[in-house]
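S.K.: Fit the two chains together into the complex; they arrive one by one in their own frames, and the hints show the way.
Just so you know, the sequences run in chain order R and Z. If you're matching positions, the first sequence starts at -17 in my numbering and goes up one per residue. If you're matching positions, the second sequence starts at 5 in my numbering and goes up one per residue.
Mixed in with the good hints, there may be bad ones.
[To be verified] Only part of the chain Z face toward chain R is listed, based on derived beta-carbon distances under 8 Å: (1) I12; (2) G19; (3) L23; (4) F26; (5) M30; (6) D37; (7) P38; (8) E39; (9) G40; (10) L46.
[Claimed, not checked] Computed list of chain Z residues with no C-beta within reach of chain R, every gap over 12 Å: (11) D52; (12) R53; (13) P54.
Calculated directly from the structure, the hints in this document are not laboratory data. Note that the coordinates shown come from a computational prediction; the quantities given were computed from them, not determined experimentally. Glycine included, each C-beta is placed from N, C-alpha and C at the ideal position.
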Amino acid sequence: MTVAEDFGRARISACPACAVVPAAERIAALRAEREGRIMLSLPKAAGALTISSVEAALQAVPGVRSARVNLTQKRVSVETGAGVTAKALVAVLDEAGHEAHELDPGLLSATETDRQGRDLLMRLGVAFFSMMNVMLLSVAVWSGAEDATRDLFHWISGAIALPTVIFSGQPFFRSAWASLRQGKLGMDVPISLALILASSISVYETWMSGHHAYFDAAVMLAFFLLLGRYLDHRTRAIARSAAEELAALEVPRAIVLVDGEEVETVTSAVAPGDLVLVRPGARMPVDGVVVCGASELDRSLLTGESLPVPVGEGTIVSAGEVNLTGPLTVRVTAAGKDSSLHRMADLVAVAEGAKTRYTSLADRASRLYSPLVHILSFSAFGYWMWATGGDLRYAINISAAVLIITCPCALGLAVPAVVTSASGRLFRKGLLIKHGTALERLAEVDTVVFDKTGTLTLGVPEPVALEGHPREALAVAAALAAGSSHPLARALADGVRALGVGAVDVAEVREVPGCGIEGEWKGGRVRLGRADWCGAEAVAATATYLALDGETHAFAFTDRPRPGAEQAVRALQAAGLRVELLSGDAEEPVRALAERLGIATWAAGVRPEEKAARVAELSRAGRVLMVGDGLNDTAALAAAHVSISPATALDAARVASDIVLLGQDMAPIADAVRIGRQSARRMVENFLISGGYNVVAVPLALVGLATPLAAALAMSLSSITVSLNAMRLK
Amino acid sequence: MEILSILIPVSLFLGGIGLVAFFWAMKTRQFDDPEGDAHRILTKDWDDRPKP
Chain R
-17 MTVAEDFGRA RISACPACAV VPAAERIAAL RAEREGRIML SLPKAAGALT
33 ISSVEAALQA VPGVRSARVN LTQKRVSVET GAGVTAKALV AVLDEAGHEA
83 HELDPGLLSA TETDRQGRDL LMRLGVAFFS MMNVMLLSVA VWSGAEDATR
133 DLFHWISGAI ALPTVIFSGQ PFFRSAWASL RQGKLGMDVP ISLALILASS
183 ISVYETWMSG HHAYFDAAVM LAFFLLLGRY LDHRTRAIAR SAAEELAALE
233 VPRAIVLVDG EEVETVTSAV APGDLVLVRP GARMPVDGVV VCGASELDRS
283 LLTGESLPVP VGEGTIVSAG EVNLTGPLTV RVTAAGKDSS LHRMADLVAV
333 AEGAKTRYTS LADRASRLYS PLVHILSFSA FGYWMWATGG DLRYAINISA
383 AVLIITCPCA LGLAVPAVVT SASGRLFRKG LLIKHGTALE RLAEVDTVVF
433 DKTGTLTLGV PEPVALEGHP REALAVAAAL AAGSSHPLAR ALADGVRALG
483 VGAVDVAEVR EVPGCGIEGE WKGGRVRLGR ADWCGAEAVA ATATYLALDG
533 ETHAFAFTDR PRPGAEQAVR ALQAAGLRVE LLSGDAEEPV RALAERLGIA
583 TWAAGVRPEE KAARVAELSR AGRVLMVGDG LNDTAALAAA HVSISPATAL
633 DAARVASDIV LLGQDMAPIA DAVRIGRQSA RRMVENFLIS GGYNVVAVPL
683 ALVGLATPLA AALAMSLSSI TVSLNAMRLK
Chain Z
5 MEILSILIPV SLFLGGIGLV AFFWAMKTRQ FDDPEGDAHR ILTKDWDDRP
55 KP
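This is chain Z alone, in the form it adopts within the complex (with noise of 0.2 Å):
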């Protein structure tokens, strides 16, 4: 049962890892746009080089 010591500070923090990430997604506005950036991920205008 020791092994539970460091399981579920393992699990708990990667749960957290994802919650991080759904704040951040949030606070970044990753949302705004799914159907564009569904699109723009297709697109070659700034292959060469990135977006000035």
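Chain R with its partners taken away, still in its complex shape (with noise of 0.2 Å):
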């Protein structure tokens, strides 16, 4: 910021002092919301007495403009005015019943996909009503039409089908010009040759009076192949703008001090070396030193570890730990596109690069049939002007027939019908599919990997065998613990509690930071916290501390399992699959839940790298699937064949999975195994129908009796079947 900047800025700025006192424009400036638009997020958002309520609720805020619910995505947007904030509205709504998050409009970029959705839907319908027109003509020709009548009804079929055809096909003829300059042969350069070919040779027919005009099959072609790319873009723009709500529900704010006093901004906004102060139970929004305080801080998400970490002055913290007791204050080495973000990008960059080397079923499909077609076509030509002594006329005719008839309406609708059948069953199961060709990669998984904490436990501590300890130790420590939000002290009461065991009376009850919590019990002192600090002996799982009367008493705590995890467990093995469970974690804590869960094979104590590169080394004998939720999954998700994330994973861990896991239960992702393997199967199955349509139709077209009803027949019919049947999914 220079020196100019800021006296302009002083100038047109509301408060006068505020030229004379940098620091705190620097406080307004950060301060200022942004005039405009606020989005929130209505999770359980349904009924018309929502919109209202809403509505009305919103409205009456002063500073709003206007209010609009979206209840097809849960979400309300409001025109605001200076001074209205994202926090109030959602107190607002609070008040009022409803649910709200606070959404960052920045990443809902839907705005281009949304303009390509529209886009693609125009030239549908187009086609639409046009495909009806020439129809209503064609089967007037069919059923005998003859002489000037046919003439004249092929004439108006031209004119209504030459215009959808250029108007239509432009997605078409643009890709296959694309791939023709790389010298490849995609399956869009046949569609665009039958395209041409077939409203050229009509032009042609109708001058001569002909009788077969293919003007019907040409636009009937732009309709189908036009459907199955609109359900294919749908499907991604739904799983796209999920996946940005999910990213734009975590708006990153951060506590900067400026001159002492506390101001809540965008994480955006931070520059190094400002001085950001984070709470406890909140996360860590930039990389920094810590220059005063001292806490615990829980690294599960960077490191897998689940056991927190004392840190202190001088220590090193990066964004995304989760700082547990006291208050710390940190000075910024890093923030926003510097840290992590940064980090993620060439995370996502990896991941991309491995995906990219997969070829779809399509794109084998294609392969094997694009070269076919133009082969029969161009061979049906030549034997034709030969058998006939060189009638062009006649052999143009047969061989455009042969790739009308060929073309792949079936096949372009084969793998879209099938993934937005099964996506859509998954959405409602809790699994967001972000990757077109997830489901397919998911049929061929031989083995899932796991990861530990956060992924099969929910990173909730659970005291063990408390039973066991006297209940003078237990109230004593219900008592210490009840005075703290550290995640295990909060674990302990509520785990007292449930045995029934009421907390005693401790006087002085202050809580250490870094520490634990002490006070006062029958004259002498009590402890609750760390091992060195208490005198006890560290056991090796994770565990509390109680120092009274001489005598130390360990709390030990086991993680949670995440509900379905040993049901997801047994129907993958049951599924035929190997299951791992790799984790970061100390050996104690893994090998109980491996065996909670019934799983051999693990392994703890292992590093990201490791864990990538066991992943790498399993990929090479099979297709690994792999689940996991943070930082240090997250090199071993993109190495993965397919990968799966929970929604409360780290951004860059869900960035480069395929597939997210929106719920807290983990029993679908069994289901998508088994829905993944069956859309396999079923754009194998077809793939196979809409060949065995050529099968039948091609020899007719290839000794010139395919007419233009044979060919409008086998058309919609094999795209018929085709889209039934992908809709037997289950």
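M.R.: Written out as structure tokens, the structure is:
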């Protein structure tokens, strides 16, 4: 920031005093909420009542210009004047009984995909309109219109069909041209050739008062192929907007200290050198060095370790870690784009590079198919040129008929119809398919690798064997734990209450940041906290310690498994998959969980690069599905054949994975594998069905018996069969 | 057969109206929130006077 800029801004500032107090101006700049649009997510929105009560509640807030609920996306967009914050609106809605979360509007950039989708839909609508009209005219021709009437009908059909082919065929022409320039024969080359050839031969035939014109075939081809294209686009757009919404839900905020005053601001406005305050329970918004305070950090998202790490002055912290006990003041070393975002971009690049190596079923089919179509059509042309002694018109007619009949109407629908149907079904079960080929890849998987902390477990501790401790110790521990928000203390207090042991009165309870809680009881000092602080011998598991009457007690904790985890593991094993557990955590908790879930192969203390290496090693022999949530899993997620992460995962992990698990329950993963296998089978079936139609129709076309009626029948019947087959998914 | 000279333009015109209606619906974003619109018609909020 230059001095000139500072003065410039000071002059137009609303408060004259700000000009002499730069710090106050920085505070004002950080605080200034953008005038404009605020987006809120309403996850529980349903029914007409929600719409009117949410809109009425928001309209009543001063400064709100308008509010409109979108029930399909479960969002409300609010047009506001200056001075209205998202936080205030969330509070207003909370009071009215609606759960609401702030969305980062910068991340919801759905406009470009939206525009593409509407463009495709527009072309699809035009193709549908002219298909219906041309078909009406064609039916008249097929049922025996002759001479001048037939010619008139052909001319009218042509007048409708030609502009349609030019307008609706553009996506195919463009992509065919692009692939031809790269010297490749994509699926779009035969499609474009068929469209152009069918239209031009029909114009010529109409001109010569011929019997057959293929205008109906040309527009029908355009319609069915556009339908496939649109379905494909829509599935991807839905997945993308849901993924964007997940990212937008985490509005990154930081509390910046400016001259001792706390200012809440978005993380992107934080600069290196700023002081940031991180309260207990908050996630580190930036990379930095602790300058003041002592606390414990939960690094499980980054390392997989479930044991909290003590930190004090001088400790280096990185974005994504969760502060547990005491407030920390951090001097920022890297914020926003320089730190975690940048790291994430690198990881995403790695992930995408790996994924593009996969050739999808559709690609393989078209690689087999495109040359075949061209060869068939050209050899038909050559044969009939020779057989008829150079009748060019007849030969071209036949080769156009071959091209139209073999053209992959059903092939273009085969994959999109299945993917649309399957991802809709999985979305209802709570799984978001982010990648188009994820389902096919899921079908090929033979090994499943799980991460532990945050994936198979919830990352929420649960005390074990509390009954083994004396009641007095439990009562004192519960009294001390009640005064803290540390996850272990909370779990301990809940566990003791569940046993029916009441807490005793402990005087002068105070929390020592980074160490634990202490108080006075029966004239003695009691402490609950870290082993060294309580003078206890540390045990191997995650534990907290109580010092009472010169004795120490260790309360051990285990991580609670995610609901459905056991079910998912059993179902995967029953489906014939090998299941492995790789964790960065200590050996004891990993062994306990593996035994509880029945996983025979497990490894503890695995570093991120070792995870990726193990996945790569398994990938040499087979295909791996990786399920993980932390930064330490990201490389492994990218290296695996297909990957799943829960919605609570770190942004980077979610971006690197193909499928996101939206709910807490783990059981849908087994369903995903089952549906993935089923849909791969349906895709192959669809290819066979459309191939089957060709086997019947192509010989007819080759010997010159194919009429436009036969072409229309083959095309529509195969497309409908393929779509129906796709909907059979369960 | 002279009737064709009337019927064909009429049918094309009617189809054209459908196409124009479709274009209009796309341009004015009528499909942005189908679920919300289905519920909105049931509310009584602006029954006595139009929304300002």
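S.K.: What hints, given by number in increasing order, does this structure fail?
M.R.: No hint contradicted; all consistent.
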